[in-house]
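Colleague: For reference, the chains in residue letters:
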Amino acid sequence: MVKDAPGARDYDWWLLAIVAAICAIGVLEIYSATHGSALAGMHMKQIRWLVIGFVLMFVLSRLDYHVIMDQAPWLYIAALTALMAVLLVGHTRFGAKRWIPVLGEFFQVSEFVKLIIIIVLARFFSEVRTDELSLQDLIKAGLLVGVPLVLILKQPDLGTALVLMPMLIVGAFLAGLQWKHAAVIVMIGILMLPVGWHFLKPYQKERVTSFLHPEEDAKGSGYQVLQSKIAVGSGGFWGKGFGNGTQNQLGYIPVRYSDFIMSAWAEEQGFKGVLVALGLYMALLLRLVQNAQRAKDRAGMFLIMGVTAALGFHVLVNVAMVIGAMPVTGIPLPLMSYGGSATLFVFLAIGLVMNVRLRRFVN
Amino acid sequence: MSYWFRNDSRLPQERLAAASYVIVGMLALLLLGFWKLQVIDSDKYGVMAEHNRVRSIPIIAPRGRMLDRDGRVLVDNYPSFSVLLLRDDQEQVDKNLPAIAEGLGLSLDDLKEQLDNTKALPKFQPIVIKPEATPADVAFIESHRRDIPLLEMLMVHRRRYLPGGFMAHASGYVGEVSEQQIEASNGKLRPGDIAGKSGLERQYNDLLVGTDGMRRVIVNSVGKEVGRLTQQEAIPGKQIQLTIDYDLQDVAEKGLGDKRGAVIALDPRTGEVLAFASHPAPDPNDFAVRISKEEWQQLNEDKEHPLLNRVTQAQLAPGSVFKIIMSTAMLESKTPPESFTAFCPGYGVFYGQMHKCWVYGKKSHGAVSLHRAIVESCDVFFYNVGMRMGIGTISKYAKMLGLGAKTGVDLPSEEAGLVPSEEWVQRVYHHKWYPGSTISVSIGQGSVMVTPIQVAYVIGGIASSGVFKQPHLLKDLQNVGEMRVPLSEDTVERVTQGMYGVVNEPGGTGNSIRIQGVEFCGKSGTAQMMSYAAASRLGLGKGKNDGWFVGYAPRRDPEIVVAAVVEDTSEHGGTAAGPVVRDIVKAYYDKKNKKAPGQVTAENGKPGTEPGPAKKEPAEEPKVAAKPEQAAAVLPASEKNKTD
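Going down the list, the protein sequences come from chains F and H. Residue 1382 in our numbering sits at position 337 of the first sequence; the count goes up by one each step and never skips. Residue 557 in our numbering sits at position 208 of the second sequence; the count goes up by one each step and never skips.
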């Protein structure tokens, strides 16, 4: 299997450093947001998740990605089965069926499904031999993503379902998506919007309407976004200081330790802190793309770019939500937001990236 | 492992590069968004954040107290707790409402209705759901702070009035502001605020209300107080000193007793109101908290009209008291000349109709002059005078002397009474004046109507040689209105001699209420409320009267004038209302004569120390009487002149 075990110097230490820095500010802000409240000690739990994540990342990076991608069909079937299972016997929390208990913790199945879809899509696209992506292949890829997407929407988990889309789009783009196809898809997408609207749950519709007309909903998700904007705006350029964010400390920011952690960070650290955080994310994403550019083969490149698409989309949607530029979707900020499954997903995804990098020079 | 990947190393480098540009562009856009919020609009959000965490809890300012002219407390406050409902979290409110209703002993439906009514108000504004919290309520709130974090207690000041409706119509009462008042106040008033609704409470509301303070506390997002910022103390309302003399007021209240009627005592030299009573009177302590709809309706529909301020609002026929106006008019207009005498056989026939004198069937007055006509209250004499003068002259002098117009007393909703005239009949009834009506008006019957305060004001003015001072209850009222009517010395002398005779000469209608050593003068009046015929039609048997007496002392330039009316009595004015007036005048002189020389007294306008033996204190606040210099309210110039 593994011909030459890669050495320590083959790891992307820069990437690890960036990841570690993001995790560190995440833990700091989780501490600031929860200390002295009923949630105190949450940062320690997050550190535990980070440690597990690091370990899993290294484990995954040791296993040749070709071997993993070899199992793509089985992984796909396993993913669909898990999604069905969660719908049938899953645990309901916060009004959605997303969790199944494993080893005493509740795992959000769709986080791992994301990882599997990245692998499945990479496998699919690397088997496309043409330079241009044919319509037939494009439709096949669409179906591969479509089935789990519908199952995730059933939970309902609009946020995770949406993350599958950029994976598909970026994959197709890199596999040689033709501009005419892209144009047609965009057209169909626009035409399908009203139909899609019809399928949204009432609370999802409410989130969209309150995004479009925030003044009409001062207590629901419009209220959340407003409070988040107040937090961000009142932070100013220099911020209110660690542990001094009133919006954060007094609980005006909704789920300030998770989905809205960027809001808490921006309030306490100000624009300069945001500059640091977003700079780190930019470095992370660009470093991922760089790794893709230096991948040994198409399979590795697709794998890394699938991860890049997922993480990039997470950052975009989450941060845009925090500043009120996008509706509330419940997508966490990778590595900063508190959360077990989401953190493990990111580390596993980065494990895949390391995996590809480690085998750059290996035949 | 199948060899599906075939070492395919074709990498779409251009498209990968494009992906990096997209990443950079995306993050640049996000950064721009932060720049807008954190740098450009930072101040705006800073203010919003400040408002978010700071909740302002009002500190209610106590209303100013009301003191009598000697500095004794007539109206004051006591502390009480109101229960506030915080409405920030609608879900919590809906969930806990039944428990709250049960815990505080409120009706759930009423509570829901109240919430519906206040929907339009901002959510962060708490509402008062129970004005007077009992110890059990306090215990309930304290023990459920954790599971029902929606209740808060607010210290308020409740008004305390003297019990039993003492001086109730003068003091008025306070109540919760109505929705219209809130809307009209431009945000100054909040629901649950207290404002004067009637009487002096309303007249001087702007003086009496203080400025509420504000306790600014830091709350978390569920409204729990986590810290305290600043405290802006409440500025108490101004204390006002009244012209009322508690001792005289007490005599007035006791004198009226269960009788329906009104008493007003004035110092005609200054216009100061010394006593002011209207019975029946509601107890304003009942409104100081919150009055139920039923109780309010009951008060409004009460046949005895307890809410009517009879002193300023009861418009009644003056009866024979009007003869003083007739006498003054006769002497001033010389129609007929002062030497005019009439023969009274007990009745007279005018314009083909018989008009009785009040002695009809018992005796006759014989030949009477003006003096005897006043003393014995001969109707026939004044029938003749009225016929000779005509309604035009009567109406002219009645108006000149202040009837048919408000006296300008500093109380809201004063009535003007009515002086009939040819124009008035034409305007209201669209027909010509019947000369026969003049005959009834001549003895204060027919359509002429006066209020008790007008009677005291007019008689006091005539006896003061035509100087009419605006009646008022605020001791420090500046620019007291004054009306001067040029009455000849002869007129004043003759009319006051007549009124002296009423009390002090044999045959006078007030002969039974003489006061030893006091030049007590007056005039009685007995106005028929309805004709004998109408009364018997309604099954009331004998007609009922409004018994009047207006008295003053001394004869010229009096110090005190008292008008009293007892409604619905079968007695004559002299016997029904006379003793009430006499008792007040007597109390006035008793008090005056007891004062040691050199002592500061009511007369020289400064608040005096408690004179004589300790009387019943109106309220348990002895330190005020000891420090009367604190009592005087300072009036802003703009407020001073307000009388309507």
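Misleading hints may appear alongside valid ones.
As the list claims (entries may be wrong) - Pairwise CB distance ranges, derived in the manner of DEER restraints:
{"hint": "1", "chain 1": "F", "residue 1": "L1125", "chain 2": "H", "residue 2": "Y370", "range": "29 to 39 Å"}
{"hint": "2", "chain 1": "F", "residue 1": "A1062", "chain 2": "H", "residue 2": "A448", "range": "52 to 62 Å"}
{"hint": "3", "chain 1": "F", "residue 1": "L1245", "chain 2": "H", "residue 2": "E582", "range": "45 to 55 Å"}
{"hint": "4", "chain 1": "H", "residue 1": "Y370", "chain 2": "F", "residue 2": "F1282", "range": "50 to 60 Å"}
{"hint": "5", "chain 1": "F", "residue 1": "W1242", "chain 2": "H", "residue 2": "N649", "range": "18 to 28 Å"}
{"hint": "6", "chain 1": "F", "residue 1": "M1089", "chain 2": "H", "residue 2": "G454", "range": "46 to 56 Å"}
{"hint": "7", "chain 1": "F", "residue 1": "L1245", "chain 2": "H", "residue 2": "N649", "range": "21 to 31 Å"}
Unchecked claim - Residues from chain F shown here face chain H by an in silico Cβ test under 10 Å; the list is partial:
{"hint": "8", "residue": "G1052"}
{"hint": "9", "residue": "D1055"}
{"hint": "10", "residue": "K1246"}
{"hint": "11", "residue": "K1250"}
{"hint": "12", "residue": "E1251"}
{"hint": "13", "residue": "T1254"}
{"hint": "14", "residue": "V1319"}
Simulated from the structure, these hints should not be mistaken for lab results. We put the beta carbon where it would ideally sit given N, CA and C, even for glycine.
Colleague: Is the interface hint satisfied for E1251/F? The criterion is a beta-carbon contact with chain H at less than 10 Å.
Modeller: 15 Å, violated
Colleague: Does the beta carbon distance between L1125/F and Y370/H stay inside 29 to 39 Å, or does it fall outside?
Modeller: Holds, at about 35 Å.
Colleague: Could you say whether the range 21 to 31 Å given as a hint is met by the Cβ separation of L1245/F and N649/H?
Modeller: 57 Å, violated
Colleague: Holds or violated: 45 to 55 Å for the Cβ distance of L1245/F and E582/H?
Modeller: 54 Å, holds
Colleague: So, K1250/F near chain H? Judge it on the closest CB pair being under 10 Å.
Modeller: For K1250/F, the interface hint is violated, since the closest Cβ of chain H sits about 20 Å away, which is over 10 Å.
Colleague: Checking hints one by one. Is G1052/F an interface residue toward chain H, by the C-beta closer than 10 Å rule?
Modeller: 23 Å, violated
Colleague: For the range 46 to 56 Å, tell me whether the beta carbons of M1089/F and G454/H fit it or not.
Modeller: 48 Å, holds
Colleague: Quick check on the hint: K1246/F CB to chain H CB, less than 10 Å?
Modeller: 19 Å, violated
Colleague: May I ask you to test the hint 18 to 28 Å on the CB atoms belonging to W1242/F and N649/H?
Modeller: 58 Å, violated
Colleague: Tell me if the beta carbons of A1062/F and A448/H are separated by a distance inside 52 to 62 Å.
Modeller: With Cβ atoms ~56 Å apart, the hint holds.
Colleague: Tell me if V1319/F is really an interface residue toward chain H, meaning its C-beta lies closer than 10 Å to one of theirs.
Modeller: With a closest approach of 5 Å, the V1319/F hint holds.
Colleague: Measuring from the C-beta of T1254/F to each C-beta in chain H, is the shortest one below 10 Å?
Modeller: Status violated, d = 19 Å.
Of the numbered hints given earlier, the model fails hints 4, 5, 7, 8, 9, 10, 11, 12 and 13; all others are met.
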